[in-house]
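Residue-level listing of the chains:
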Amino acid sequence: MQQHQTHAELAEQFNRDINRVNWHDQTLWMVREKRDKAAQQVPDWEQLRETASQIKNHTLAHLHAYLLEFEQQALANGIQVHWAADAEEHNRIVHRIIQEHGVDRIVKSKSMLTEECGLNEYLLQQGIEVVDTDLGERIVQLAGEPPSHIVLPCIHWKKEEIGELFHQHLGTPKGNADPDFLTRAARAHLREHFMMRRVAITGVNFAVAETGEFVVCTNEGNADLGAQLADVHIACMGIEKIIPKRNHLGVFLRLLARSATGQPITTYSSHFKKPGPGKALHIVLVDNGRSTRLGSDDFRNALKCIRCGACFNTCPVYRRSGGHSYHTAIAGPIGSILAPALDMEKHADLPFASTLCGSCTNVCPVKIDIHQQLYTWRQVLIKNGHASSTKKAGIQLTGMVLSKPWLFRVSGKVARWIMRTFPGLMNNRFNPWTKQRELPMPPKQSFRDWYVNNRSHD
Amino acid sequence: MHIGLFIPCYIDQFYPQVGIATLELLEKQGLRVSYPLEQTCCGQPMANSGFEHLTADCSKNFIRNFERFDYIVCPSGSCALHIKEHVHDDQSEEKAVSIRKRVYELTEFLTDVIQLKSLSAKFPHRVGLHQSCHGLRGLHLAQMSELVAPKYSKPEQLLKLVDGLELIQLDRQDECCGFGGTFSVFEEAVSVKMGQDRMADHLKNGAEYITGADMSCLMHLEGLLKRDNSSMNVIHIAEILNSKA
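One line per chain: the protein sequences are A and B, in this order. If you count by our numbering, then the first sequence holds residues 1191 to 1648, one letter each, in order. If you count by our numbering, then the second sequence holds residues 1187 to 1431, one letter each, in order.
Don't read these hints as lab results, they were simulated from the structure. Here the structure is a predicted model, which means the values were calculated and not measured. The beta carbon of each residue, even a glycine, is placed where N, CA and C say it ideally should be. It is possible that part of the hints are untrue.
Said to hold, decoys possible - Here are the computed lysine-lysine pairs in the DSS-like style, where the Cα-Cα straight-line distance is at most 27 Å: (1) B:K1430 - A:K1582; (2) A:K1582 - B:K1246; (3) A:K1625 - A:K1603; (4) B:K1270 - A:K1573; (5) B:K1346 - B:K1214; (6) A:K1557 - B:K1430; (7) B:K1308 - B:K1214; (8) A:K1224 - A:K1494; (9) B:K1287 - B:K1246; (10) A:K1625 - B:K1308; (11) B:K1390 - A:K1224; (12) A:K1594 - A:K1573; (13) B:K1246 - A:K1557; (14) A:K1603 - B:K1214; (15) B:K1246 - A:K1573; (16) B:K1287 - A:K1634; (17) A:K1227 - B:K1337.
Stated by the list, open to error - Restraint ranges, calculated between C-beta atoms of paired labels, are given here: (18) A:G1308 - B:Q1277: 31 to 39 Å; (19) A:V1600 - B:E1271: 27 to 35 Å; (20) A:K1594 - B:H1188: 45 to 53 Å; (21) A:P1454 - B:D1298: 56 to 64 Å.
Turn these sequences into a full structure, and let the hints guide you.
Here you go:
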């Protein structure tokens, strides 16, 4: 059995505060609209998506070769390269590097990979303090929460609540919720940490095989500040972040920020190629289930993901259930197809947290067939026994009735008669349909009955 | 041209008037239409719940009923899409492949196959069009708001042929209503909220009726409207197109 609450349960709790749901939905819909506007300004947008998708497909088909090319070039540039088979090995490698430099406090810019690996918790257990330097991430870190969105980590927080949080943790005046003021307070607070830290961790958006360099995209410049001020820079990346050539950035950088926030490009697209004089640059390449996925025809193409978050913003379910209802580091539609591969038991509910509307697939800048994979995951989960016995029995019965025309007709007739005669039997608060909705009024005659009486038939 | 009329199971049981309107509308175009009497369901309720392996008998029954027709026409984008994408027969897959190519949703059949240019129908009301997701993003009945591509809409093209009908514009032109099959029951809270938000969009923009090419979405919205004692109603697009001039 699942140890935590399901998406449906957590979403139901989220929906008890109707004003918050409306606000959350409208805020993220605004981001979707900005994305639409930005996309509409690029006449060859669909061609750009197709090109990005094909570059990623090609890269995945030759991933082995490109990873080795990247390693060779990075080593030649003076970068120290580490390989981690899973989250645990990744965390141990990062910890060892930190230990070698005799440090117990570090700064980290946003990296969904380190969230996936649970790096913060691991390092904390080893007595190392991590300060997240992305503003949104710092806010959720102060609040003791995981991010609720991969690009907008604290999108579920209202500015008044952030004002209160800063009042408690940073000593800002009570009641001040002016975004400019709060940003300045956070900046002053983070600058202290930047100045004091000798080790900085960043994520990686793109790693270029041809040159051995990598690119980190931020709007706040926090990755640069962290990496440039520290003696040691550790960059953590999933092995799917490789692109073959530097000029491919011309495709991906045009897509990433437009899809994410509707900006033409992130404020900073920082290239890191070699360590500065007297400094060290490490890169940790993490598999953590990726090569298993690479071997799956059904699910391989989820590895194309560039973590833009467009599928979150467009998802009508995500907007009305909040990121935390997905109980995983990467929420939303993409998270719902990534998470079951890591732990099927724990995340068996996520592929069902969708109406299969398909909007996610349409906004995806690298054309991942997200809603098709949600459908396929459902089949895999059921075949592996992840269905409640009542659901299973119900569906089996439905399947049997619908495969026998006479049984379908008789049951339909009986069911409609019962619904007409004893409406209270089905229309009650224990029936999830009628909790907030009415049932259709069942007619005496089915369409087939009418047809038999009104048309000649063979 | 012999057309097999495919009436989804829930329309047969709960909305016979939609089946009748579809049949009459096709007959008015001078088409030969038959309703095979032993049909049941496309199998989607099982498949979307993860039980596609339990749909083999449904698929076989569907193929048995419909293999003799030139075209199969269905007043539901979702059910038509399911047949197009998921009907198989392990004994004679070529029959399934042929069926998948011949199935059409009603509005696309009218605009693309018989290329309907005029109608004698009258519906003097303000109408909001709900673009159901499977018809929209699966069958491409209209351009999707996410894509940078020329606009078109097959249901709108038909509604414009109806006398007196005023089509209202929505704030969110193609957001999902939250029905989603068993999603409506297993994710009740989000499903209801999504439906309420769609309802509010239509209401705010002055619709008297919400129409669409999928009665399942409309059944969900109707359930919410009735609970709300709303004056707004739902009506299947076939009923509007078949209304008397």
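Evaluation of the provided hints:
| no. | hint | verdict |
| --- | --- | --- |
| 1 | B:K1430 - A:K1582 | 46 Å, violated |
| 2 | A:K1582 - B:K1246 | 22 Å, holds |
| 3 | A:K1625 - A:K1603 | 24 Å, holds |
| 4 | B:K1270 - A:K1573 | 23 Å, holds |
| 5 | B:K1346 - B:K1214 | 18 Å, holds |
| 6 | A:K1557 - B:K1430 | 45 Å, violated |
| 7 | B:K1308 - B:K1214 | 15 Å, holds |
| 8 | A:K1224 - A:K1494 | 23 Å, holds |
| 9 | B:K1287 - B:K1246 | 16 Å, holds |
| 10 | A:K1625 - B:K1308 | 37 Å, violated |
| 11 | B:K1390 - A:K1224 | 23 Å, holds |
| 12 | A:K1594 - A:K1573 | 24 Å, holds |
| 13 | B:K1246 - A:K1557 | 33 Å, violated |
| 14 | A:K1603 - B:K1214 | 30 Å, violated |
| 15 | B:K1246 - A:K1573 | 22 Å, holds |
| 16 | B:K1287 - A:K1634 | 35 Å, violated |
| 17 | A:K1227 - B:K1337 | 15 Å, holds |
| 18 | A:G1308 - B:Q1277: 31 to 39 Å | 50 Å, violated |
| 19 | A:V1600 - B:E1271: 27 to 35 Å | 30 Å, holds |
| 20 | A:K1594 - B:H1188: 45 to 53 Å | 26 Å, violated |
| 21 | A:P1454 - B:D1298: 56 to 64 Å | 38 Å, violated |
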